[in-house]
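Student: Sequence:
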Amino acid sequence: MSSRKEKAFPLLSSGFMKICRKFALGSPLIPLENSIFNFDVRKSTEFSILKGKGLSNGFFFEPTLFAEVSPKMRIAQEEIFGPVLSIIACRNLDYAIQITNDSKYGLSSAIYTQDVNRAFKAIEMLDTGITYINSSTIGAEIQLPFGGTKGTGNGHREAGTAAIETFTEWKSVYVDYSGTLQKAQIDD
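Numbering (this note's numbering) for the sequence shown: 36 to 223.
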């Protein structure tokens with residue numbers, strides 16, 4: 036990694052840590068929805084936590100940051116639906132795309148850049164259902180198709196006009212009220 040990039044990683048990690056510390060359990064962090072979500076988040080993180088807080092607060096889960104994560108670690112390979120952030124250092128855009136594409140999941144991705152060429156390269160190369168440019172991977176636009184690739188979701192896009200295909204079944208109907216119309220593929 037270049038000197039500039041080597042300096043960026045600890046700054047990024049410490050910046051995220053400061054943000055995590057500002058969150059209080061209860062507001063704005065609500066409890067995980069139910070015991071199943073609670074178990075999934077705990078199971079996904081327990082192998083990566085050496086020591087720390089957040090493991091015995093009922094359905095509440097403290098914001099948890101994992102820095103210096105390698106792409107093959109379990110914490111980097113799971114979809115964790117809780118306040119958990121894993122940071123993986125990348126030497127360049129190609130490596131970041133490779134790490135993202137090597138995941139078994141592919142709901143969404145994001146890139147922050149002022150370089151339009153890098154943005155379009157990411158859009159083209161990332162194997163995810165949604166790619167955000169200069170925005171976080173939260174939320175969805177109801178008018179746009181929503182869904183992921185690979186092991187994410189059910190293979191369908193659940194919003195926008197694509198939802199019509201997902202939630203409907205085509206049926207052809209033929210009604211001849213006159214009784215005189217020529218039917219296709221029938222010789223009279």
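Among the clues, some could well be false.
[To be verified] Pairs of lysine-lysine residues, derived as BS3-like cross-links and limited to a Cα-Cα distance of at most 27 Å, are as follows: (1) K156 x K139; (2) K57 x K42; (3) K139 x K185; (4) K206 x K156; (5) K42 x K139.
[Said to hold, decoys possible] Simulated restraints, written as ranges between beta carbons of each label pair: (6) F58 x Q133: 28 to 38 Å; (7) A175 x L216: 20 to 30 Å; (8) F51 x G190: 31 to 41 Å; (9) T172 x K53: 36 to 46 Å; (10) I177 x L216: 33 to 43 Å; (11) Q149 x T203: 20 to 30 Å; (12) N152 x E114: 44 to 54 Å; (13) D129 x L179: 21 to 31 Å; (14) K185 x S213: 49 to 59 Å; (15) N152 x R109: 27 to 37 Å; (16) S213 x E159: 31 to 41 Å; (17) I173 x N127: 47 to 57 Å.
In case anyone wonders, no lab produced these hints; they're calculated from the structure. Predicted model, so just to flag it, every value in this text is computed and none were measured. Yeah, the Cβ is synthetic: ideal placement off N, Cα and C, and Gly gets one too.
Student: If a hint holds in the structure, say so; if it does not, say that too.
Tutor: Do the hints match the structure? See the list:
no.	hint	in the structure
1	K156 x K139	holds, 21 Å
2	K57 x K42	holds, 24 Å
3	K139 x K185	holds, 6 Å
4	K206 x K156	violated, 40 Å
5	K42 x K139	violated, 30 Å
6	F58 x Q133: 28 to 38 Å	holds, 32 Å
7	A175 x L216: 20 to 30 Å	violated, 46 Å
8	F51 x G190: 31 to 41 Å	holds, 33 Å
9	T172 x K53: 36 to 46 Å	violated, 21 Å
10	I177 x L216: 33 to 43 Å	holds, 41 Å
11	Q149 x T203: 20 to 30 Å	violated, 42 Å
12	N152 x E114: 44 to 54 Å	violated, 30 Å
13	D129 x L179: 21 to 31 Å	holds, 27 Å
14	K185 x S213: 49 to 59 Å	holds, 52 Å
15	N152 x R109: 27 to 37 Å	holds, 34 Å
16	S213 x E159: 31 to 41 Å	violated, 53 Å
17	I173 x N127: 47 to 57 Å	violated, 26 Å
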